[in-house]
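Q: Residues per chain, in single letters:
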Amino acid sequence: MKLIVAKGLRKSFGDFIAVDNVDLEVSRGEVIGFLGPNGAGKSTTMKILTGFLEPDSGEILINNIDLKSDPLKAKEFIGYLPEGAPSYSDMNVLEFLTFVGKMRGLNSNLLTTRLGKMANQISLKEVWNKPIETLSKGFKRRVGIAQALIHDPDILILDEPTDGLDPNQKHEMRNLIKTISKNKAIVISTHILEEVEAVCSRAMIIANGKLLVNETPANLEKQFTNKDIISIKVSNKIDSILAKNLKSSINYGDVKIEKVNKDTNKILVSDNKKTLDLNTVLKQVYKFKLNVIEASFIKSNLEEIFRKITTTNASS
Amino acid sequence: MIMKNYLGKTYIIFDRELMGYFRTPLASIFLLVFLALSSGMTFFLGRFFERDQADLTAFFAWHPWLFLILMPAIGMRLWAEERRSGTIELLITLPVTNTQLVIGKFLASWVFTLIALVLTMPIWITVNYLGDPDNNVILISYIGSWLMAGAFLALTSCLSALTKNQVIAFIVSSISGFILIMAGFNLVLSSVRSWTPSWVIETISSMSFLSHFSRIQMGVFDLRTLIFFVSMIILCVWINVQLVQIKKAD
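So the sequences go chain by chain: A and B.
Going by the numbering used here, the first residue of the first sequence is number 146, and it counts up by one from there.
Going by the numbering used here, the first residue of the second sequence is number 144, and it counts up by one from there.
To be clear, the hints were calculated from the coordinates, so they are not data collected in a lab.
From the three backbone atoms N, C-alpha and C, an ideal C-beta is built for every residue, glycine too.
Keep in mind that a hint or two might mislead.
Straight-line distance between alpha carbons at most 27 Å, and here's what the computed DSS-like set of lysine-lysine pairs gives [what the hints assert, rightly or not]:
| # | chain 1 | residue 1 | chain 2 | residue 2 |
| --- | --- | --- | --- | --- |
| 1 | A | K152 | B | K391 |
| 2 | A | K378 | A | K323 |
| 3 | A | K285 | B | K307 |
A few chain B residues that don't get close to chain A, going by computed Cβ distances all over 10 Å [stated by the list, open to error]:
| # | residue |
| --- | --- |
| 4 | V176 |
| 5 | R190 |
| 6 | Q196 |
| 7 | W208 |
| 8 | T240 |
| 9 | L273 |
| 10 | I283 |
| 11 | I286 |
| 12 | I314 |
| 13 | A326 |
| 14 | F328 |
| 15 | L332 |
| 16 | V343 |
| 17 | S354 |
| 18 | I376 |
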């Protein structure tokens, strides 16, 4: 079931087009990773989806409710963590979550249950009665997540949920997102590509306000596997004749020899069409009685894909 | 049910905001300053004892000038702080209308002023102990003073939505308040009277907090004054709602 359907979203600030004709559909159980360079339009898109900003054109259905015509009803289904996880620093954690819970219309019984759940699930017990202004960045971010989750919404929109967290906290946050993702539609924005690989079922790459890619992380990698590289380091001198022979016997599209130092060389193999096989390449190298000291298969990762897509778009 | 829900959300905002004053030293500092200044002005500048009259004219006469500084101090954070800290994004994405937010916040600051005014009541008791004042006039003056405070606060709240900087909100609100007070000052009016049509003078004068409040102080609480302050509050709240909508994302 589709919980978010957005069509033709467009938003400009003066001459600057922040979001340009973005379509988006998110079903229950999906986690969408919004990727893009700074200023690409991720946050603006999220602000539009939550009803904070009104788009210049386009329409949004939240759980089949038109966000424009019935914003109060539609907003009930959304939990939102704004960028930087703002909260009322003069309140303590319990006061703040109670305030948000009441604004979300929870009755006192349900509120008590949900507060207990948040204290456990988001590990907030130890700071429960502390003023938010005295909390560390990690705890502040958790408080932000807790306020977004307090009413157990169907849709979660998290703007950089792991920004500023240490590696352990990031890991915890990803686990939390994975745990709660089963019956929710979640949209997260991030700069961190490993996060997309770790938690997202779909990656959306956005640059200059345009949605460039909308794929599963696995599919995305598959499409770009032609960027894989095999690198073999040998402790031999390679002259031009040997190089020519190597290139002809290694049956792949692109073979390069790179001099590391006087007696060490690197053979770099890649192919735009065929899938590389390390064993095949190594067999050929051994035929020339070369002394292999290092062999590695460098898989193209999302990082490179992301750079390629966003920089190509920027230059075009 | 819908109405109950509407008022309920407004009350939650109101409650958070009012308690917010007491979570920081702001409330106690403000109340202390207000009590010290209002009684100091009454006894020293207003010559409460020398006048030898059983009324609180010397107390209320200073309220417009006190409010000129103190109401912007209470109201400057209402929206500027929400915008600066980004919590405005939280508020607006909650299932609540901007009108509920603005009204809830405004009422919190207005009720806080009511607390401050209630705390000055010992002076009312004192004047009853010393003589035989017209308590109706005093009650009317208290109501008038609270209404005027409401108008100052609504104006401040409205201007606070224009900026992320509380200090700017404070200064602009004080200046605007000063203009609204001075509009009724004879000195100002007489300087423009020679070359301005009388209806303009009338209009300017009728906008003045001072003219309306002077009438109240004399125990004259006419409908015009009530309508003036109430419509001033409603107008500012309405503009406030529009400004929140326009400026929220800046």
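Q: Hint by hint, say whether it matches the structure.
A: Status of each hint after checking the structure:
1. With a C-alpha separation of about 24 Å, the suggested pairing of A:K152 with B:K391 holds against the 27 Å cut-off.
2. With a CA separation close to 40 Å, the supplied pair A:K378 and A:K323 exceeds the 27 Å bound.
3. Under the criterion of a C-alpha separation no larger than 27 Å, the hint pairing A:K285 with B:K307 is consistent with the structure, at around 22 Å.
4. Every C-beta of chain A lies more than 10 Å from that of B:V176, the closest at about 20 Å, which supports listing it as non-interface.
5. Under the 10 Å C-beta cut-off, the non-interface status given to B:R190 relative to chain A holds; the minimum distance is some 41 Å.
6. Distance check for B:Q196 against chain A: the nearest CB is about 44 Å away, which clears 10 Å, and the non-interface claim stands.
7. Look at B:W208: its CB is around 30 Å from the nearest CB on chain A, clear of 10 Å, so calling it non-interface holds up.
8. Not every CB of chain A lies more than 10 Å from the CB of B:T240, the least distance being 7 Å, so the non-interface label is violated.
9. Listed as outside the interface, B:L273 is consistent with that label: its C-beta sits roughly 42 Å from the nearest C-beta of chain A, beyond the 10 Å cut-off.
10. Every Cβ of chain A is farther than 10 Å from the Cβ of B:I283; the closest lies at roughly 37 Å, confirming the non-interface assignment.
11. Its beta-carbon lying about 32 Å from the closest one in chain A, B:I286 satisfies the requirement of being farther than 10 Å from that chain.
12. Look at B:I314: its CB is around 24 Å from the nearest CB on chain A, clear of 10 Å, so calling it non-interface holds up.
13. Every CB of chain A lies more than 10 Å from the CB of B:A326, the least distance being 37 Å, so the non-interface label holds.
14. Every Cβ of chain A is farther than 10 Å from the Cβ of B:F328; the closest lies at roughly 39 Å, confirming the non-interface assignment.
15. A cut-off of 10 Å between C-beta atoms confirms that B:L332 is not in contact with chain A; the least separation is 44 Å.
16. For B:V343, the condition that its CB be more than 10 Å from all CB atoms of chain A holds, with the nearest at approximately 39 Å.
17. No beta-carbon of chain A is positioned within 10 Å of the beta-carbon of B:S354; the least distance is around 39 Å.
18. Annotated as non-interface, B:I376 keeps its C-beta farther than 10 Å from every C-beta of chain A; the closest such distance is 24 Å.
Against the hints set out earlier in the document, violations occur for numbers 2 and 8.
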